[in-house]
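*Asks:* Now for the letters of each chain:
Protein chains: 2
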Amino acid sequence: MSDQGPTLTDLEVRVVHSLDVEGMVEAIMELVAVPSWDGNETPAQELMARWMGEAGLEVDLWEIDQEALARHPAYSAEIPRARALGLVGTLRGEGGGPSLILNGHVDVVPPGDPALWTHPPFEGVLKDGRLYGRGALDMKGPLCAALFALRALGTAGVVLRGDVFLESVVGEEDGGMGTLATILRGYRADGAVVMEPTGLAVAPALAGALNFRVRVPGKAAHGAVRTEGVSAIEKFVPVYQALVALEAARNRRLAGDPLFRSYDLPFPISVGTIQGGDWASSVPDHLAFEGRLGVAPGEDLGEARRALESAVAEAADGDPWLRENPPWVEWWGGQYEPARVPPDHPLVAVVRESAQSIMARVPRVMAMPYGADMGLLVNHGSTPTVLFGPGDIRRAHRPDEYVEVEELVVAARTLAVAAMRFCGVVEG
Amino acid sequence: MSDQGPTLTDLEVRVVHSLDVEGMVEAIMELVAVPSWDGNETPAQELMARWMGEAGLEVDLWEIDQEALARHPAYSAEIPRARALGLVGTLRGEGGGPSLILNGHVDVVPPGDPALWTHPPFEGVLKDGRLYGRGALDMKGPLCAALFALRALGTAGVVLRGDVFLESVVGEEDGGMGTLATILRGYRADGAVVMEPTGLAVAPALAGALNFRVRVPGKAAHGAVRTEGVSAIEKFVPVYQALVALEAARNRRLAGDPLFRSYDLPFPISVGTIQGGDWASSVPDHLAFEGRLGVAPGEDLGEARRALESAVAEAADGDPWLRENPPWVEWWGGQYEPARVPPDHPLVAVVRESAQSIMARVPRVMAMPYGADMGLLVNHGSTPTVLFGPGDIRRAHRPDEYVEVEELVVAARTLAVAAMRFCGVVEG
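From first to last, the protein sequence lines are chains A and B. So the first sequence is residues 0 to 427, counted in numbering that gives the first Met the number 0. So the second sequence is residues 0 to 427, counted in numbering that gives the first Met the number 0.
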């Protein structure tokens, strides 16, 4: 397959033209209007299941046994859920070809302050070629693009050899429990595309991200006699500085991977929250900060965690108070594993060349620095995976999230062509 | 008056023996059981007013016009109040003697986590000679001690020359609006005792405390590409370090006051709270920290504030991001003014010698490092004031707050004797 050129076959051209762009945009707007944050993904999953059925896919919709799932070592989730649904729609092939997973999540991050949005977060607004709304980009839009890619195959009368599994998953934003559930249900394939925003680049490598929390103890006293206490804020500073130093050392050591060369700091240790004390005039006796440790493909996660714990412990060792009252590190919430597939894997070539056929330019091939379900698929699902999707990750997780409709169309057409090239087409 | 020796007169001995210790303890337990935090002081004030009436005082209970009060430059309050009551009970003298204010507050700080209390915060529990409960020490206990001191004078048949004003005030813990209201209502005197916990030391000087908040801006980005953002947590560090340096410089410059020599750091800049970011994987675009700036008696408050603002501005100037996106300082909540009275003021001698008469030892004379209503009385009420009260300030503002009953008794007896010596007694 990898030797196929970028020129589209007649059948591929028919598929490309069969894409129902208007229907796709309407579907995205409808799906965006179904809020699916804070663990409430059931209505969105039920809508996706209905659409999969209407598209002629075999629909597997199931209640995830969260208790059983939580026993898996790769399980992580931050949000408690009353219910979680698994959903895979299968476009059954005739046999004799490689199988392909297309994976996207319906859960979205919270909208934040609605006042910061120009367009309401849960309406789905089309304006100037952009589709606005929470999840339009990350990643209800790309998930619908994959659905409409499969519909275009049907419309064009294409019959594939291998199976295509369209996975609509929950819980990606808080750790990936939905994709883990599909793996444990048995879904594996010869290749997978996760439609995260890559700006239409093909990403055969992914950094990992391990969420951590560090608690720094202090000793309360009235601020008027602050030397009788110990400020947890004061003691935070050397601990934080140790992590800054660790970040620099790690990135020096892990530098050199060409797929990460466009990032000036590919594996950041980023502290995202801090909270300490509860009264302006008291010496704060507690502080906690949370962050994410970026990890490189191939790194041992246990070693990476221990390196951070050691840096904290060494900082503590240099301080008389912290030596006796050590800060402690917790690993919580998202523990996104890094992953990579060999650059010469057929999947990489198929997606790259399909995108090139559609875009009439060579897509970039580069790693993505953010946690995604690719880690689970590669490391726990034995499925070679790339990330490929429309839009800029910088537009996600913020007010006025949007995706360019033009990029959605390119992504959908690329996925359709890639499915044909990867799974094989039954002639005639 | 200052030449009176420590030996008690027969009449003073009668007054000392007239103190109703049991009644005082019961009253404190009853008053502690009336929660008076978060701006809800009305029931406690109404109870105090009833007791003042029963003690034969002239009761002045009034609705504080908070809107008018808020226009006063020395006004500060953190908590919004539906109602605020002023309350002064006057023990009218026969005339011809100096007047005395006894000032105490009924508001208390929040109980915090009740699970940290061995004894319930709002019951008033007497155990092993200690009276436990929120406010037992700070300062419902001492306020009741003053009430029972005046009752003891009545029981012993003492008639004073000067008036004694027993001020029961609200809002001390969040800025002093209650005492400011008594001043604006016209209450002034030739001397005042504020019964804050001094451990039975006489405090003719008081440090000030100015609450501040500093906001540090950042720029949001996904933590995976953190160098595209600017971390408000990272930018907090140099700002904080500038305040640490300022604290050291100020305390070097302000050192030397013998009344403060028992404090290793008399005028701390203590940061009590910090809060920044709201997602572990995002670069935090905001951070705020709150603290208190300790100020010395005699310092110009405006200059002290400007020194802190300049330190923040200089730190910002050394950082390219902060130079363009400067942090800003807010002065909010309690703005407790420092104060002092001349060490040779008759009030100081009277309280010191009265305490010595009761305790049979020489009380310490030293400054207190915490904000208190003394600042308002001295600077805005033209009333020379000392702090004198039972118990250790370190037991206040924390779980299992308590006061030793024995110290309460010493305080009550000292106040009664001091009132006699300061206001003068009508013979026969």
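Derived from the structure by calculation, the hints contain no laboratory data. Hints are not guaranteed to be accurate.
Repeated chains share a single entry, so a pair holds when one copy, or any two copies, can fit it.
[Stated by the list, open to error] Quick list of in silico lysine to aspartate or glutamate cross-link-like pairs, EDC-like style, CA-CA up to 20 Å:
hint, residue 1, residue 2
1, LYS218, ASP112
2, LYS218, GLU77
3, LYS126, GLU323
4, LYS218, ASP391
5, LYS218, ASP263
6, LYS126, ASP399
*Asks:* Could you run down the list of hints and mark each one as holding or not?
*Replies:* Now the hints, each set against the structure:
Taking the closest pair of Cα atoms, LYS218 and ASP112 come within 20 Å of each other only across two copies (16 Å); inside a single copy the shortest separation is 35 Å, beyond that limit. In this assembly of identical chains, the alpha carbons of LYS218 and GLU77 never lie at most 20 Å apart, being 30 Å within a copy and 25 Å across copies at closest. Proximity of LYS126 and GLU323 under a CA criterion of 20 Å is satisfied in neither setting, with 59 Å inside one chain copy and 33 Å between copies. In this assembly of identical chains, LYS218 and ASP391 lie within 20 Å of each other by CA distance solely across copies; the values are 18 Å between and 45 Å within a copy.
When the C-alpha separation of LYS218 and ASP263 is checked against a cutoff of 20 Å, the pair qualifies only between copies, where the shortest distance is 18 Å, while the shortest distance within a copy is 39 Å. For a Cα distance limit of 20 Å, the shortest separation of LYS126 from ASP399 inside one copy, 12 Å, qualifies, whereas the shortest one across copies, 61 Å, does not.
Checked against the numbered hints listed earlier, the structure breaks hints 2 and 3; every other hint is satisfied.
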